[in-house]
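Novice: In case you want the letters, here they are:
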Amino acid sequence: VKRHMRPHPERFLNRELSWLEFNRRVLEEAEDETNPLLERLKFAVIVASNLDEFFMVRVAALKNALAEGDVSPDLAGLTPLQQLERISEGAHGMVEELYATLHDGILAGLAPRGLRIISPGELEPSVRGSLARYHRDEVVPALTPLAIDAARPFPMLSGLSLNLAVLLAPAAEGEEERLAVVQVPGGLARLVRPTGAEGMVYVLLEDVIRAEIGALFPGQEIRDVAVFRVARDSELDLDDEGGTDFLQVIEEELKNRRRSGIVRLEVEDSISEPLLSLLSSLLDVGPEDVYRVRGPVDIRPLMQLVDLPPLEDLRDAPLKPQVTVKARGAELFELLEERDVVLHHPYDSFDPVVSLVSSAADDPNVLAIKQTLYRTSGRSPIVRALARAAEAGKQVTVLVELLARFDEESNIRWARRLEEAGCHVIYGIRGYKTHSKICLVVRRGRQGIRRYVHLGTGNYNDRTARLYTDFGMMTTDPEIGEDASSFFNALTGYSDPPGMKKLVMAPTQLRERVLRLIDRERERAQGGQATEIQAKMNSLVDAEIIQALYAAAGAGVRIRLNVRGICCLRPGVPGLSENIEVVSIVDRFLEHSRIFYFRNGGDEEVYLSSADWMPRNLDRRIELLFPVESTEGRQKVLRALEAAFRDDVKARVLQSDGRYRRGTRWAGEPPFRSQLELHREAVRAAERMRQAADVDLEPLAAPEG
Amino acid sequence: MTSRTSKPAESRDVAGGGEPVVAPALEAGALENRPMAVLDMGASALRLVVAEAPRGEPPRVLEEASRAVALGKDAFTSGRLGAPTIEAALRALEGFRRIMDSYGVARYRAVATSAVREAVNRDTFLDRVRMRAGIDVEVIDGSEENRLTYMAVRAAFRGDETLAGDDSLLVEVGGGSADISFLRRGEPVYSGTYALGAIRMRQNLSSWHGSHEQRVRLFRRHVQNIIEDIRREMPLREAGQFVAIGGDARFTADHTVGEATDARVRRVDRERFLAFCEETAALDEDQLVERHRLPHARVETLAPALLVYQELLRETEALQVLVPEATLRAGLLLDMVRTAEGHGIEDFSKQVLASAAALGEKYRYDESHARHVAYLATRLFDELRSEHGLGERDRLLLEVAALLHDIGAFVSLRGHHKHGQYVLSVAEIFGLSREDMALISNVARYHRRATPNKSHLPYMSLDSEARVVVSKLAAILRVTNALDADHLQKVRDLRLLKTGDQWVLEVDGAGDLTIERLAALARADLLTEVFGRKLSFREAGGQA
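Quick mapping for you: the protein sequence lines, in order, are chains F and B.
When you line the first sequence up against the numbering used here, it's residues 1 to 705, in that order.
When you line the second sequence up against the numbering used here, it's residues 1 to 544, in that order.
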């Protein structure tokens, strides 16, 4: 739903350019020489893969708008064409910088340590023989050279697949040069380790093919060979967790009218002009969409180098998640009856959450378990526990949101297994994506029925729980328990959407609630009371909420925002947003938690949520917002919020022109890097717990999964 | 006809019917401590409440669920539940069943009100409910609904003297009808069910096309006509307080004084309430959807219901509208807890008798005579306890029958026992079901003249168990009524001396008791027949 508002460039930043700014911050991490080399490599790969998605989704959408004749400006005052021009300009610069740092900074630094990517020609002759055998036995059978001419139109290249473009001499005098395409087989390893080569030496698969390309075109004169790759409209929308949505509406007619669906062409910069012009004209790609790169094209496979065992010292020392809650089974339930538990992952281990579900599965007094699952795998210990619970005769309801519908085969398998075990599985809600993270355990105790609820900002995925910063809360608050039941009843269709006491649900109430909370601060500020808003999220895009924040800031509310990615709010504009400060943290863990704090005249309120302040989350998703009410829990959440604003190492401050700058470091003060500080705090808490418990120091078994 | 075994207060054991409950291994916990559920099939929605009530504590709600199903729309137009509606209801009930199972619910009570009650295909519908969802649904009548709602109202007002102070009008506008009670010092004295149901009124006008304003005018005229009738039955003007129950009343409270917090009773200023009703009436359904962001089905009842509240409120002197957090479900729950603890309808004897007395007043009964006969009848009932084997509930029915046995005299003294039977069979007494009233009307009918006979149709329409009860209670009433034959309350008390096969009725009285003695002996016919004992008469300290 497009909200009809006039453009206000002085009020809003363009979301695409803001996204590019985010990717630039990731690129800065790749460039940062204080980061270990393999960490820099990892950031470089992330920059590249982020760009791939950005082109397939956002750029594609803009190109569609353009093809449709859409000339209306967005809130930042830019028409689709203007946005595309700026994106092209920004992305070209970014790609150039990325390859510069990849070659001159990262790969150059790795070479002395024996990690090298070389061309087949650089190999020892003895090793070259083994590579030739590999080529003959494994590679050639997978190759299909395609000649392109008037009779044989350009083949449908799959998006992001790697290809070799081959320029052949004219077949006869007076004719034109011809193009052939050889697809690099996706089923073979991109980084080839030639047998017999010393150390960590790799050859790229496309170079192996290129070295013997003549054999594929016997009797032909090859004038040029270049690797290329296209990105197409994915017809998908992406979310902040790597999941994908089908775009709401794509009109058939529009799809046909679109040229080739190709939104970007990447080629090696060694490509000759005749080959490039032939290629781009056949693919129908304009020069603004062509990216010439130093190579390799598509650096994503380099990610596998990050984990090479011999290069331990070129990685950050791991920050081990701390186990702060050890109770299991009945003990865990008893603990939760006494107090709420608030966990901050990955500083705090995800084990207690797994433990809650598996304890529930094995506890004879548990009657039912209900849970939402989004982005998880069949190997997840939580999925196994749910199956076990159902087999034990408990009522298990699982709401599964599949990663992507075209990927059903693999995803649906474990969901079917849950069904076979006797779980009641619901495959999503029509029209809405279930993004909320909630688990409800119903258990009979001596005092009657009790409900144990876990609510989180991140998925029930023990793998991402080690990489993303997320908050989770376990509670036996009866009102939250009741709301949790109502929530699942609404999702399973057992009940119409209910009124809730403490939980707030999107798409029905979340937007209104957030607006009301912001507005309440504004009113309190006008009444001269102490006010402040702090919020942390992944993206801030929603115009209505941004306007409410401006209104609150105008009334004197101090607003501090920690927005990792896109931020369309323009801070520091005189008369509009001087009271608003926006920081972004890009560091080792992906910042992912959503925290909202309202001073509320001294009666402070702290909320956690699965939702960003984006129209998508507020209007087209099933999301939850929940209060943190225990003193201890609130302090923990607020400390994490505060840490981000104190960060002077990995935090960047958004300027009113939409650019980001590193914060000022105060002379004399030791640097404050929030993620490391929060880890230290978790270590101290675990230490305190060990001392307090004075227990036998039994070593923990490796976590499952 | 339903049998006497379907007492309103009875709840069903889940293990008794339908699919087996998923009951995971539990600690050996007493069944009665397991969660219970109540389920209500109203005219516009099906609703479920799961709760637990540790012994001696008020019920604690674990979970509530509701599904909008337009039973009333079907029932009040075609008189029959249509296939899509039935399917929607079954689907909702299957979901409810799963919710109940997830708590290992041990006992539940499922009731259906006017929409199902009036549907011609209700029996097949309820059978499908039983087969598919494994839920046994009991169809309750308006007075049972009144009683249950009153329980919830009383609970909401607990610790609050408001109701005890002034007379109150208690109004619940449902989909099919409006239940209205008049409370004196907090006790219901008049109650009735009236054709003011929001859905029914709306459906009646469904084929009528006219402007919104005209439609509202028609509604209002209909409401005012019915209120004319109500005015004849209850002293509306005397009500100093107005208690509004039902979803639409709560909605009005949400929008005038804010959403319910901990307050069990919200108070809305009279003018504010009336103004909100007026605003609502001014908007058509689409505008209401827009204004309140409500689903269409929800909005359909709002305007007609508020119209009824508005018109009734204007009839009273009340300065504010009291909106308690009281629902039929809450009443059902309280009632289940009560019955689980071994209580029955007799706990309500005070309210039942007050309501019966109000009915007596309306028919200008001889109060002294009525109360005296009621006293003597219950005395004799108690004396015969080991012989008749009846319970407290039957005692209460006897008491009501004794209080009202003469009300047919209002019509004509001649054949007044028959007039009384008719009046009682259609009258409403708070807390008593139609079956209860059928029984009472028969007992009252046999207070004089003929004894029960196969040729008496109203008698024969009772089931055999009820017929036996009627005979026993009528036997007692005949004798004790005779003991006050000249309406002077000369017999103060009585005892029954059971020696061998001869029973002696020893009375304690003043003055000449000859007439009473002769009358009692004549009216002992049924007693002798029922209990197989001859009765003789003796004055305390005197001779037989």
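I should point out that these hints are in silico values taken from the structure, not numbers from a laboratory.
Quick reminder that beta carbons are idealized off the backbone N, C-alpha and C, glycines included.
Check before you lean on any hint, since a few could be wrong.
Said to hold, decoys possible - Distance ranges between label pairs, derived from CB positions:
#: 1; chain 1: B; residue 1: His209; chain 2: F; residue 2: Glu512; range: 32 to 38 Å
#: 2; chain 1: B; residue 1: Val61; chain 2: F; residue 2: Glu420; range: 30 to 36 Å
#: 3; chain 1: F; residue 1: Glu512; chain 2: B; residue 2: Asn33; range: 37 to 43 Å
#: 4; chain 1: B; residue 1: Glu285; chain 2: F; residue 2: Ser630; range: 55 to 61 Å
#: 5; chain 1: B; residue 1: Ala68; chain 2: F; residue 2: Pro9; range: 51 to 57 Å
Novice: Each hint: holds or not?
Specialist: Hint check:
| no. | hint | verdict |
| --- | --- | --- |
| 1 | B:His209 - F:Glu512: 32 to 38 Å | holds (36 Å) |
| 2 | B:Val61 - F:Glu420: 30 to 36 Å | holds (35 Å) |
| 3 | F:Glu512 - B:Asn33: 37 to 43 Å | holds (40 Å) |
| 4 | B:Glu285 - F:Ser630: 55 to 61 Å | violated (45 Å) |
| 5 | B:Ala68 - F:Pro9: 51 to 57 Å | violated (46 Å) |
Of the numbered hints listed earlier, those contradicted by the structure are 4, 5.
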